[in-house]
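Participant: Just so you know, the sequences run in chain order A and B. The opening residue of the first sequence carries number 1 in my numbering; numbering runs sequentially from there. The opening residue of the second sequence carries number 299 in my numbering; numbering runs sequentially from there.
No lab work stands behind these hints, which were simulated from the structure alone. In this text, a Cβ means the ideal position worked out from N, Cα and C, and glycines have one as well. Take these hints with a grain of salt, some might be off.
Stated by the list, open to error - Here are the simulated distance ranges between beta carbons:
no., chain 1, residue 1, chain 2, residue 2, range
1, A, Thr182, B, Glu304, 37 to 43 Å
2, B, Leu374, A, Ser58, 47 to 53 Å
3, B, Ala503, A, Gln62, 49 to 55 Å
What the hints assert, rightly or not - Under 10 Å between C-beta atoms, here's a sample of chain B residues computed to sit facing chain A:
no., residue
4, Val382
5, Trp459
6, Ala584
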Amino acid sequence: MTDWLLDDSPTSRLQANLGRAFRIWTALLRNPLAVVGGIIILVLIAMAIFAPLIAPYSPIGQDLANRLMPPSADHWMGTDELGRDIFSRVVYGARITLLIVTMVAVIAAPIGLIIGAVSGYFGGWTDRILMGVTDIFLSMPKLILALAFVAALGPGIENAIIAIAITSWPAYARIARAETITFREAEFIAAVRLQGASSARVILRHVLPLCASSTIIRVTLDMAGIILTAAGLGFLGLGAQPPLPEWGAMISRGRTFILDQWWVATMPGFAIILVSLGFCFLGDGLRDVLDPKQGDKS
Amino acid sequence: MTDARERQLASQVLGHAAALARFAFVTAVTFLGLLAITFFIGRVVPIDPVLAVVGDRATKEVYDAAREAMGLDRPLIVQFLTYVGDVVTGNLGMSITTGRPVVEDLGRFFPATLEMATIGILIGVFLGVPMGVLAATHQGSWVDQVIRVLGLLGYSVPAFWLGLVGLAVFYAALGWVAGPGRIDIYYDGLLDPVTGLYLIDSLVAGEWDIFWNALDHLMLPASILGFFSLAYIARMTRSFMLDQLGHEYITTARVKGVPERRVIWRHAFYPIRIQLITVIGLSYAALLEGSVMIETVFSWPGIGNYLTNALLNADTNAVLGATLVIGAVFILINKISDVLYRMLDPRAR
Numbered sequence: 001m002t003d004w005l006l007d008d009s010p011t012s013r014l015q016a017n018l019g020r021a022f023r024i025w026t027a028l029l030r031n032p033l034a035v036v037g038g039i040i041i042l043v044l045i046a047m048a049i050f051a052p053l054i055a056p057y058s059p060i061g062q063d064l065a066n067r068l069m070p071p072s073a074d075h076w077m078g079t080d081e082l083g084r085d086i087f088s089r090v091v092y093g094a095r096i097t098l099l100i101v102t103m104v105a106v107i108a109a110p111i112g113l114i115i116g117a118v119s120g121y122f123g124g125w126t127d128r129i130l131m132g133v134t135d136i137f138l139s140m141p142k143l144i145l146a147l148a149f150v151a152a153l154g155p156g157i158e159n160a161i162i163a164i165a166i167t168s169w170p171a172y173a174r175i176a177r178a179e180t181i182t183f184r185e186a187e188f189i190a191a192v193r194l195q196g197a198s199s200a201r202v203i204l205r206h207v208l209p210l211c212a213s214s215t216i217i218r219v220t221l222d223m224a225g226i227i228l229t230a231a232g233l234g235f236l237g238l239g240a241q242p243p244l245p246e247w248g249a250m251i252s253r254g255r256t257f258i259l260d261q262w263w264v265a266t267m268p269g270f271a272i273i274l275v276s277l278g279f280c281f282l283g284d285g286l287r288d289v290l291d292p293k294q295g296d297k298s
Numbered sequence: 299m300t301d302a303r304e305r306q307l308a309s310q311v312l313g314h315a316a317a318l319a320r321f322a323f324v325t326a327v328t329f330l331g332l333l334a335i336t337f338f339i340g341r342v343v344p345i346d347p348v349l350a351v352v353g354d355r356a357t358k359e360v361y362d363a364a365r366e367a368m369g370l371d372r373p374l375i376v377q378f379l380t381y382v383g384d385v386v387t388g389n390l391g392m393s394i395t396t397g398r399p400v401v402e403d404l405g406r407f408f409p410a411t412l413e414m415a416t417i418g419i420l421i422g423v424f425l426g427v428p429m430g431v432l433a434a435t436h437q438g439s440w441v442d443q444v445i446r447v448l449g450l451l452g453y454s455v456p457a458f459w460l461g462l463v464g465l466a467v468f469y470a471a472l473g474w475v476a477g478p479g480r481i482d483i484y485y486d487g488l489l490d491p492v493t494g495l496y497l498i499d500s501l502v503a504g505e506w507d508i509f510w511n512a513l514d515h516l517m518l519p520a521s522i523l524g525f526f527s528l529a530y531i532a533r534m535t536r537s538f539m540l541d542q543l544g545h546e547y548i549t550t551a552r553v554k555g556v557p558e559r560r561v562i563w564r565h566a567f568y569p570i571r572i573q574l575i576t577v578i579g580l581s582y583a584a585l586l587e588g589s590v591m592i593e594t595v596f597s598w599p600g601i602g603n604y605l606t607n608a609l610l611n612a613d614t615n616a617v618l619g620a621t622l623v624i625g626a627v628f629i630l631i632n633k634i635s636d637v638l639y640r641m642l643d644p645r646a647r
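Here chain B stands alone, though its shape is the one from the complex:
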């Protein structure tokens, strides 16, 4: 008896280890793919990187010397390996717009994006999941219709347009929220950047004024991001729940007289929580991506804003650095939710 238990436990541990090993391998390969793509994009940029350094009046000798010094005369594969080595050691080159190393810039801009996307996903989860469950248990009710419409709008409304309309309505016309930017100008620089997340930093410092001001600025962009994840999460929750509620064990539970609330949350919702992890992971990753547009509209000093500024100034190092960071986080969240699903769901093993 204990033997069988032990063997089962051992196979479970083995299964987890295999899932983790697979996760590590697939993630590493995908990262290499991302690096290959950014390397390729960096190479096909029509601006000659040598000319940018020596200027177009340099002699042939100077040009060749610079080319050699920059390593551009070496075989592509060697250049790629050098590039991978640089990225791994945290060397992404200098940004020509800010004049600082790209890695340093990214470190300064990332927390703003993270803060906005996190509040966005919290809104999406805490409103979207209950709405999805409600829509599944009350098919055809108004909640169900609202979710259907929201789902369609989530696929067809441009995020930047919604941001502009939101600013016009809730900031300019109604005055419910603060305008663009992360914080009012007179609070700027008062806060010690411990984590870079203003909400947490201001709480740590005990500066309630700054906390409320930052929240005021955060509310609108985060809600707009949250709307897109809400639309997706609610739709998926509804469809998972309908699937579960159609199973016979649910009918059995009802026939046995289990209270409806318990049937819904304990019997039907419990099994779908694993599928929901994947959905939430995917929409969190999508939010990081979607924040590029929203940040431009709200002058939010995050990584998306940094990326679009760099794009307009043809600042290749900064563009590739920001692409790498957003891409890497996106891939990581995707793969983590995938491995969690495999480890938690016995059927996927």
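Pulled out of the complex, with its shape left as it was, chain A reads as follows:
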């Protein structure tokens, strides 16, 4: 099996693709930090899927007799001001975090990729105008821009996702443009064009797939920033609304009790840090494997 996967002269496209995936996989497994990051993210996904099985209590069930209890065997992370179990809320919060990062990646990455690829492929005035707009967005403060957009759209989780996506696409456009320019004049592109392929087909079928690996690296590395921005919006009361157990909003609720009941605000923060670190580790690992020349020297 391994021999078939690592065959130097694959006989089918499937074998070539599987072989490549296998090589990336084994290279990732040799990178301890990437493995740690991958495990953290797998745990996050598992928590999101199996939240009702993992969480010992309901995330919104109130128990006023047991409010503001310190961490104990019953309540691993203590309880909040309404007697809700913080650990259960953190577990359910994984769903919201995962939803936000996935939606932002699904919205922002394709928009950025297409704008960048079109810009790099056509060049000339198309390039100048599209990259002008991209640069304007890039030189704006992202968090402030997201805040202003949420202010206009109204608070809520959907609007937070839209606002973060609007501020994240320019980075992907830059990457896609840089990649596209390197192989715009390549012979395989010329060959496809001579066969009569339309520009749309060349971009979608032949240019975009080649931008995929650098975009995946960038998206993974950006995840930490997206999580922090989403938590920040939640903290300011502009993201997910109560009683949703969003981590940033939970920290905001715990603010009042920070001096006496420290666990209410601190526990969700640890979840944010852990997940962000996980994405950083995995992103660094992916970069080392997929794109060795970009890794910073260490």
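Let chain A serve as the given structure and place chain B on it in line with the hints.
Facilitator: Chain B alone, transformed into the frame defined by chain A:
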């Protein structure tokens, strides 16, 4: 000989002039872009601005008249140009929460943010640069490990959370620093606002008590901001230094017997100072942005606090005004560090 020198000098001056002209053009276009975005945000706000003025029981005639008086019936492009004209002449409208013109509010709140961000960047530079150099010259040492961990934490710790934990530990538990706010309540209003920067104002007035009190309040939020820029600056310094130290001219210098201290600071560090200007500029701009969160946690009466208050009260004029100011300063710092880089680094010309 002198001819060649003169020609070289002339081309250098020309190069600088071209860089400055480019800087002015790009900055102007970016500002227009920022204005277009805030204008767009102001237009898509779901609250009908006319209804807000006339109330929802107004007749159709009154509504239309108000709409016309507010200029909302004119073409979008005319409205946008009017908006740009207003902003340029310093008219950002009235804030509904404070009841004052937004420009006046921003002028009062900005110094507090500036003071905190400046102390923050000073901490970041004066600790971050030496740490980065040390990490590069002693690869694998504890400084190197600390910087690696700090760098990772800088990307993954929410600033507002760190602020809360900092308050709980250093204010409540240890009592090392003063609590939220810019100054103790009994000093409030004693100071003539000359610059609005309490540290400078109190020094000018010779009020040492107020100076120390303001510093006490400033230390924690500024250190937390400084931590984020330190993490970034140290990481970048380390990577620039490693790059320089790998060059052959460094080996040559060492072989010639140049003292190690001189090799590090004179030969390796000297060329990277220009790259560092860009990094420091970027992190200073990021600090202004990051202060929004920190100010909320520390009840710091700065522009970030003003912005979040306005957000919660749906005070559109104030939100857009604060966005414009933070955005404009952010863009300006970015573009200035860019043009400095171009003018100082001969390779970028």
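Participant: A separate judgement is required for each hint: does it hold in the structure or not?
Facilitator: Evaluation of the provided hints:
1. A hinted range of 37 to 43 Å for the beta carbons of Thr182(A) and Glu304(B) is consistent with their spacing of about 41 Å.
2. Under the hint 47 to 53 Å, the C-beta atoms of Leu374(B) and Ser58(A), about 50 Å apart, fit the expected range.
3. Distance hint check: the CB atoms of Ala503(B) and Gln62(A) are about 53 Å apart, consistent with the given range 49 to 55 Å.
4. At its closest, the beta carbon of Val382(B) sits 15 Å from a beta carbon of chain A; the interface hint therefore is violated under the 10 Å criterion.
5. Residue-level restraint check for Trp459(B) holds (minimum Cβ-Cβ distance to chain A is 4 Å; threshold 10 Å).
6. Taking 10 Å as the C-beta contact cut-off toward chain A, the hint placing Ala584(B) at the interface holds, the least distance being around 8 Å.
Consistency with the previously given hints fails for number 4 only.
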